[in-house]
Amino acid sequence: TQLLEQSPQFLSIQEGENLTVYCNSSSVFSSLQWYRQEPGEGPVLLVTVVTGGEVKKLKRLTFQFGDARKDSSLHITAAQPGDTGLYLCAGVASSGTYKYIFGTGTRLKVLA
Amino acid sequence: NAGVMQNPRHLVRRRGQEARLRCSPMKGHSHVYWYRQLPEEGLKFMVYLQKENIIDESGMPKERFSAEFPKEGPSILRIQQVVRGDSAAYFCASSLEGRNYGYTFGSGTRLTVV
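These protein sequence lines map, in sequence, to chains Y and G.
The opening residue of the first sequence carries number 2 in this note's numbering; numbering runs sequentially from there.
The opening residue of the second sequence carries number 1391 in this note's numbering; numbering runs sequentially from there.
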């Protein structure tokens, strides 16, 4: 069974601070995605990373896929209250399927 | 079609009743997935369907739960004889053919069993 562990589970920071969220597994994934979910809504796709070592930037968010494609990180620079939400990583479970396994989630709260 | 449409948004059922959750995928998407989310938890995979076919139902409880995606119409997740433990948010997602396109999620159906 492929599992994705996220850390930290909860994070409360002040506006303007930087933070990093981690997504780790013992399994190799062909691609990995990050989503953000706000209360009462479905997750929204932020980014897909495919190549080992790949780095993608989305404004103040930087996503990195590990060289071995077993882990990923999300770094937020100068966090804002609008970044508050549940961050989920997701990886394709195994070859031959389009089913994504979701991580345990990191709940971020950015205080003004 | 702005995205994945789920209805109803909220559903209250008494124990023993049936719950039917509907999902219309994004236009052009042929793959549909159902996930369940409990409060303060992540998303648990339930079932993956293409038109008229169940591709992977490894996350579905063996009893009381069923899913379909007919040739015409929305995908349906059906829960028979609901129990309190079925209370959760149920999310549907759709995607294009291919592993790296990512999912588009609906806003979910919040099922409460009383």
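These are computed hints drawn from the structure, not numbers from a lab.
No residue lacks a Cβ here, since even glycine has one placed at the ideal position from N, Cα and C.
There may be inaccurate statements among the hints.
Said to hold, decoys possible - List of simulated lysine to aspartate or glutamate pairs, DMTMM-like, C-alpha gap at most 25 Å:
| id | chain 1 | residue 1 | chain 2 | residue 2 |
| --- | --- | --- | --- | --- |
| 1 | Y | K71 | G | E1453 |
| 2 | Y | K100 | G | E1458 |
| 3 | Y | K100 | G | D1446 |
| 4 | G | K1434 | Y | D84 |
| 5 | Y | K100 | G | E1430 |
| 6 | Y | K100 | Y | E42 |
| 7 | G | K1434 | Y | E16 |
| 8 | Y | K100 | G | D1476 |
| 9 | G | K1417 | Y | E6 |
| 10 | Y | K110 | G | E1430 |
| 11 | G | K1417 | Y | D72 |
| 12 | G | K1434 | Y | E18 |
| 13 | Y | K57 | G | D1476 |
| 14 | Y | K58 | G | E1458 |
| 15 | G | K1434 | G | E1487 |
| 16 | G | K1434 | Y | E39 |
| 17 | Y | K71 | G | E1487 |
| 18 | Y | K100 | G | E1453 |
| 19 | Y | K100 | G | E1462 |
To be verified - Computed beta-carbon distance windows for the label pairs:
| id | chain 1 | residue 1 | chain 2 | residue 2 | range |
| --- | --- | --- | --- | --- | --- |
| 20 | Y | L4 | G | R1500 | 24 to 30 Å |
| 21 | Y | K58 | G | E1453 | 42 to 48 Å |
| 22 | Y | L4 | G | T1502 | 26 to 32 Å |
| 23 | Y | S31 | G | V1402 | 39 to 45 Å |
| 24 | G | P1460 | Y | A113 | 33 to 39 Å |
| 25 | G | G1463 | Y | S13 | 43 to 49 Å |
| 26 | Y | N25 | G | K1461 | 20 to 26 Å |
| 27 | G | E1442 | Y | V51 | 29 to 35 Å |
Claimed, not checked - Away from chain Y, derived, C-beta distances all over 10 Å, residues of chain G:
| id | residue |
| --- | --- |
| 28 | R1410 |
| 29 | G1432 |
| 30 | P1464 |
| 31 | G1492 |
Status of the hints after comparison with the structure:
| no. | hint | in the structure |
| --- | --- | --- |
| 1 | Y/K71 x G/E1453 | violated, 34 Å |
| 2 | Y/K100 x G/E1458 | holds, 17 Å |
| 3 | Y/K100 x G/D1446 | holds, 8 Å |
| 4 | G/K1434 x Y/D84 | holds, 24 Å |
| 5 | Y/K100 x G/E1430 | holds, 22 Å |
| 6 | Y/K100 x Y/E42 | holds, 21 Å |
| 7 | G/K1434 x Y/E16 | violated, 32 Å |
| 8 | Y/K100 x G/D1476 | holds, 22 Å |
| 9 | G/K1417 x Y/E6 | violated, 33 Å |
| 10 | Y/K110 x G/E1430 | holds, 14 Å |
| 11 | G/K1417 x Y/D72 | violated, 32 Å |
| 12 | G/K1434 x Y/E18 | violated, 31 Å |
| 13 | Y/K57 x G/D1476 | violated, 38 Å |
| 14 | Y/K58 x G/E1458 | violated, 38 Å |
| 15 | G/K1434 x G/E1487 | holds, 21 Å |
| 16 | G/K1434 x Y/E39 | holds, 17 Å |
| 17 | Y/K71 x G/E1487 | holds, 24 Å |
| 18 | Y/K100 x G/E1453 | holds, 22 Å |
| 19 | Y/K100 x G/E1462 | holds, 23 Å |
| 20 | Y/L4 x G/R1500: 24 to 30 Å | holds, 26 Å |
| 21 | Y/K58 x G/E1453: 42 to 48 Å | holds, 47 Å |
| 22 | Y/L4 x G/T1502: 26 to 32 Å | holds, 29 Å |
| 23 | Y/S31 x G/V1402: 39 to 45 Å | holds, 40 Å |
| 24 | G/P1460 x Y/A113: 33 to 39 Å | violated, 48 Å |
| 25 | G/G1463 x Y/S13: 43 to 49 Å | holds, 44 Å |
| 26 | Y/N25 x G/K1461: 20 to 26 Å | violated, 41 Å |
| 27 | G/E1442 x Y/V51: 29 to 35 Å | holds, 30 Å |
| 28 | R1410 | holds, 19 Å |
| 29 | G1432 | violated, 4 Å |
| 30 | P1464 | holds, 16 Å |
| 31 | G1492 | violated, 4 Å |
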